[in-house]
Structure formats: structure tokens, C-alpha cells
Amino acid sequence: MTSHFSKTHGTATDYAADSAVMKTYGRAEIAFVKGEGCWLVSEKGDRYLDCASGIAVNTLGHSHPALIEALRDQAGKVWHTSNLFRIPGQERVAKKLASLSGLDQVFFCNSGVEATEAAVKIARRASHERGEPNRMTVLCASGAFHGRTLGMLAATDKPAFRKGFGPMPDGFEHVAFGNLNALRDALGPHVAAVMIEPVQGEGGARHVPEGYMEGVRAAADEFGALVIADEVQAGIGRTGTLFSFESYGVTPDIIALAKGLGGGFPVGAVIASKTVGDAMTPGTHGSTFGGNPLAMAAAEVILETLSEPGFMADVRRRADLLEKGLLALASQHPDKIAEVRGRGFLRGVRLDESCEVGSLVVALRERGMLSVPAADNTLRLLPPLVISDEEILIAIDHLAQALVD
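My numbering numbers the first residue of the sequence shown as 3 and each following residue consecutively.
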């Protein structure tokens with residue numbers, strides 16, 4: 003490999019010497035000052051095709067008129083009252099989420115890890131309330147990423163995320179991703195829930211094998227466990243349906259949502275069936291900012307837009323165009339692309355071991371396109387759901403050029 007696409011290139015520059023920002027991110031030396039649709043403009047005036055979407059967050063791209071209008075309108079009324087009072091926006095968004103998911107009750111929070119943490123708490127509490135207090139273990143998949151709190155680090159099996167953070171909380175076990183036999187062997191009267199990402203994001207855009215989700219649902223039912231779908235990255239239309247589990251014809255007991263739900267405004271949610279949700283009573287969980295009026299204004303626009311007739315069908319059509327382009331590149335560069343993964347607009351390009359994903363991210367950025375690295379030497383493409391046919395072709399062209407640079 004030569005030029006940009008080599009193992010000698012890093013993915014980011016150092017922080018400024020006088021920066022007071024804690025160094026928890028490897029940041030690229032770019033600051034964006036404006037965005038419109040699928041494009042971002044840096045403070046230097048350079049334009050970038052955004053195929054990262056703030057890591058699967060900017061569902062409708064940048065500066066979407068309906069989002070701007072909704073937030074401006076709500077900002078002129080009330081921003082925050084706390085959950086000690088009714089919040090009408092919560093009631094509208096919760097009703098919409100319950101209707102779309104087939105479940106019944108919603109808890110609002112601020113982020114993905116708050117949603118997955120709450121999902122685990124709800125599952126354990128439900129076991130306790132039905133007279134099984136020892137049913138506390140949550141089974142997770144190898145390669146999963148459920149967040150960075152101590153609890154969710156325990157739900158994640160990657161040692162690099164855990165190093166230096168002391169003993170992990172008990173109550174989590176891991177089984178091989180996509181392996182039903184391993185899952186069944188691990189199930190028992192101690193298991194409260196199985197938590198699964200139907201499409202792993204950070205884990206390398208891996209989607210579960212055919213028949214796996216159906217098998218998880220059946221096995222959980224057989225052993226008396228609940229199913230938690232972690233839809234933080236794969237949900238809100240990103241894989242071609244509003245929830246990624248819909249493609250598999252199953253319904254989980256609990257759903258964790260965030261990222262794309264606010265289209266860029268921080269919001270998370272947990273959706274649960276009535277029998278599970280009824281285990282949560284006043285004082286069992288809470289969030290000061292969760293579901294505040296501004297967040298609900300944004301979430302309402304996202305759900306209304308994605309529910310418009312034909313919107314998701316056109317997302318699937320355009321996602322197919324992206325997939326065809328990626329598969330064509332894979333056939334042209336078998337020495338560099340090992341596999342095309344994912345679904346919808348959560349796509350992964352797993353690279354051959356002779357290539358390095360961080361270098362490809364840099365090469366694409368230098369060409370004016372943003373992307374995201376993932377585990378297993380995989381490049382993630384996470385464009386806004388409004389990306390056009392023309393912009394998809396531009397993205398494919400950028401990737402084609404970066405592969406040969």
C-alpha cells in the first residue's frame with residue numbers, strides 16, 4: 003500500500019498544547035461551523051460529504067428545516083421543568099413509540115448508555131417483582147458494545163475498554179455472537195435477559211445470521227428470560243426499518259434507543275411491554291433531564307418524518323444502491339476488501355489484513371468524505387437517511403479513489 007492508505011498513517015492529530023479538554027478522544031484537526039443536508043463545512047471553508055452522521059445520529063442530516071422550526075418554537079416556550087411534572091411532549095412521543103414498536107411503556111433518558119443501563123435495570127426488576135430475585139444475569143454477545151459506564155463495560159467483552167477501570171460489576175456473561183447453541187447452553191434460571199444488537203455497530207457492522215433472532219426469542223421464552231434489543235445505533239430507520247429487529251419478525255420485551263431518535267439533539271428511550279414496565283414504580287429509576295421538552299420536540303419530528311408514507315421504502319431503495327456499489331468495489335478490489343457487512347445505512351467494509359481502517363478513514367477525509375472506523379478492521383458508512391442517489395455515487399467514487407491512492 004502507498005500514500006494515504008498505509009499502516010503508517012494515524013487517524014487524528016494531538017490536542018492543542020493549551021487545550022483544557024480532557025484527552026479522551028482522538029480528534030481530527032477539523033472544526034465544522036456549518037452543515038446542510040449531507041454536507042458539513044469546516045472553519046476553513048472545506049466541504050465534506052458526511053457519511054458518519056455524528057456516529058449514526060444525524061438522521062435527517064444537518065439543518066433540517068422541520069427540526070430547526072420545532073426546536074426554535076419549543077425554545078421560546080419552556081426548556082426544562084423536570085420529571086416531577088407532566089411533560090405533554092413525552093406523552094405524545096411515548097404513544098408514538100409504543101404504537102410503532104408494538105410495546106406499551108416508555109422511559110426517557112439522554113443517551114444510549116443510559117438507555118441500555120435502564121433496560122438492564124428494568125429486566126432485573128421485572129424478575130424480582132415476579133418472585134425470581136436470583137434471576138439477575140444478562141447474557142451479551144461477543145463483540146457487543148453497549149456503552150461506557152461501569153455497568154455497560156461489564157456488558158462489553160473487549161478488554162481494551164475495561165483496562166484500568168477496576169473490577170467489573172457482576173451479572174453479565176458473554177456468548178459467541180450469532181451462535182444459538184452457545185446461547186442455549188448459557189441460559190438457565192439465573193438469566194434475566196438476553197441483550198442483543200441485531201446489527202453490531204462498534205463491533206464491525208456485523209448483522210446476526212438468518213434465523214438467529216427468531217432462535218433467541220424462542221430460547222428466551224423457553225427458559226423464562228426476557229429479550230432486550232439494543233437499537234441505540236441500529237434503530238430509528240438506520241437499517242431500513244424503524245427498528246432493526248423488525249426485519250427478523252420478532253418482538254423484544256425491551257428496546258433501548260438513542261442516537262438517531264433526536265436527529266442530533268441528545269435523547270434516549272427505553273420501550274417495554276406492560277408486564278415488564280409495570281415492575282417500575284415511582285423511585286425505582288429516574289433522570290433529571292430525560293425527556294425534556296426540547297428533546298421531545300426533536301424526537302417528535304424524527305418519528306413523524308420517518309412515518310411519512312414512502313419514506314422508509316425510499317430509504318431501503320437508496321440503501322440497496324449503496325450496497326450494490328460497495329459489492330462492486332469488493333469484486334474489483336478483492337485484495338483490499340474482505341467483506342461487505344451490515345444493513346440499510348449501517349454499512350461496514352471489512353478490510354484485508356494488509357490494509358488498516360484508520361488509514362482509510364484519513365484518506366477519505368482528505369478527499370472530502372467522513373466515515374467511522376469499527377472493530378475487526380472495518381470501515382463504517384453511516385450517512386444521513388436523506389442521502390440522495392447522487393451523493394451515494396459520490397461516496398462510492400471517493401471510496402474507490404481512496405482504495406487506489
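Derived from the structure by calculation, the hints contain no laboratory data.
Possibly wrong hints are sitting among the right ones.
Straight line, CA to CA, 27 Å or less: simulated DSSO-like cross-link-like pairs of lysine-lysine [said to hold, decoys possible]:
1. Lys-165 - Lys-25
2. Lys-123 - Lys-25
3. Lys-123 - Lys-79
4. Lys-276 - Lys-123
5. Lys-46 - Lys-36
6. Lys-79 - Lys-97
7. Lys-98 - Lys-338
8. Lys-97 - Lys-326
9. Lys-338 - Lys-326
10. Lys-123 - Lys-97
11. Lys-79 - Lys-25
12. Lys-123 - Lys-98
13. Lys-160 - Lys-338
Verification of the supplied hints:
1. Lys-165 - Lys-25: With a Cα-Cα distance of about 16 Å, the restraint between Lys-165 and Lys-25 holds, given a limit of 27 Å.
2. Lys-123 - Lys-25: The hint is violated at about 31 Å.
3. Lys-123 - Lys-79: violated (34 Å)
4. Lys-276 - Lys-123: Within the cut-off at roughly 15 Å; holds.
5. Lys-46 - Lys-36: Holds, because 11 Å separates the two Cα atoms, which is no more than 27 Å.
6. Lys-79 - Lys-97: holds (22 Å)
7. Lys-98 - Lys-338: Status violated; Cα separation ~44 Å.
8. Lys-97 - Lys-326: Violated: Lys-97 and Lys-326 sit about 37 Å apart, past 27 Å.
9. Lys-338 - Lys-326: Holds, at roughly 17 Å.
10. Lys-123 - Lys-97: Within the cut-off at roughly 22 Å; holds.
11. Lys-79 - Lys-25: violated (37 Å)
12. Lys-123 - Lys-98: holds (23 Å)
13. Lys-160 - Lys-338: holds (25 Å)
This entry does not satisfy hints 2, 3, 7, 8 and 11, going by the numbered hints stated previously.
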